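Participant: If you want this note's numbering, it's the position in the sequence shown, counting the first as 1, plus 30.
Just so you know, the hints here were simulated from the structure itself, not pulled from any lab data. None of these values were measured; they are calculated from a predicted model. It cannot be assumed that every hint is accurate.
Simulated restraints, written as ranges between beta carbons of each label pair [said to hold, decoys possible]:
#: 1; residue 1: R113; residue 2: I236; range: 27 to 33 angstroms
#: 2; residue 1: S79; residue 2: L51; range: 35 to 41 angstroms
#: 3; residue 1: V252; residue 2: S219; range: 29 to 35 angstroms
#: 4; residue 1: S79; residue 2: G173; range: 42 to 48 angstroms
#: 5; residue 1: P60; residue 2: G173; range: 20 to 26 angstroms
Beta carbons: idealized from backbone N, C-alpha and C, even for Gly.
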Amino acid sequence: MTTRRLMAPGTAMSMVMSTDLLTLMQWLSPGFPVGAFAYSHGLEDIITSGRISDADTLQIWMQDLVSQGSGRSDISLLARAWRGEAMDELTATAVALAGCSGRVTETGEQGAAFCRTVDAVWDTGIGVQAYPVAVGCAAARHGLPLELTAQAYLHAFAANLISAAVRLVPLGQTEGQQVLATLAPLICSVAQEATADGAPLFSNCIAADIAAMRHETLYSKVFRT
């Protein structure tokens, strides 16, 4: 069997493909032990109430989360951590933005699990931080490009919630993948905007925060948030 090289070894793109991208794929894959599959980020409440019932309504919800909500604010926190701002202060900000105890648990426990693994495998020495803060700091200490890290994080964020919706609505797997593919240009643009030096930190998706609060009192639920 003949193996073809798409570009000469040792080029900049070759190095990104062989090291940085593979590391990010590992850190942000469903198999990395942060327990992301256990969280729906309030989606379970919205789906239970019937406000998300198909691929179209899911796509609208996800577009808002990525561009105006917790997806974007996570990238802002990630970028600040990557640039070396005080991690404890950034984690306190992440907790303040979480909106309810369930979301605090979500960012805290995923962050702690991420930190334990990257500290053990890559010797990053992060300790315990909120999830986006931990990813940003680990990426900086591992020499990973900021915008590429942001894109990978935001893609994993969206993919995890879409996977939850596929199970809860339910949606077909192909429909879920169509929603994720449609979000790709938005993910790239938000990653670029939110990582710019001096970009504002904000979250405007109040309905998502309310959904996360309401989820805490659901009588029967599959997900932790």
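Participant: Now tell me if each hint is right for this structure.
Facilitator: Against the structure, the hints come out as follows:
1. A hinted range of 27 to 33 angstroms for the beta carbons of R113 and I236 is consistent with their spacing of about 28 angstroms.
2. Checked against the given bound of 35 to 41 angstroms, the beta carbons of S79 and L51, roughly 39 angstroms apart, stay inside it.
3. Evaluation of the 29 to 35 angstroms hint for V252 and S219 yields a pass: the beta carbon distance comes to about 32 angstroms.
4. Roughly 45 angstroms separates the CB atoms of S79 and G173, a value that falls within the hinted 42 to 48 angstroms.
5. Between P60 and G173 the C-beta distance comes to about 25 angstroms, which sits within the given range of 20 to 26 angstroms.
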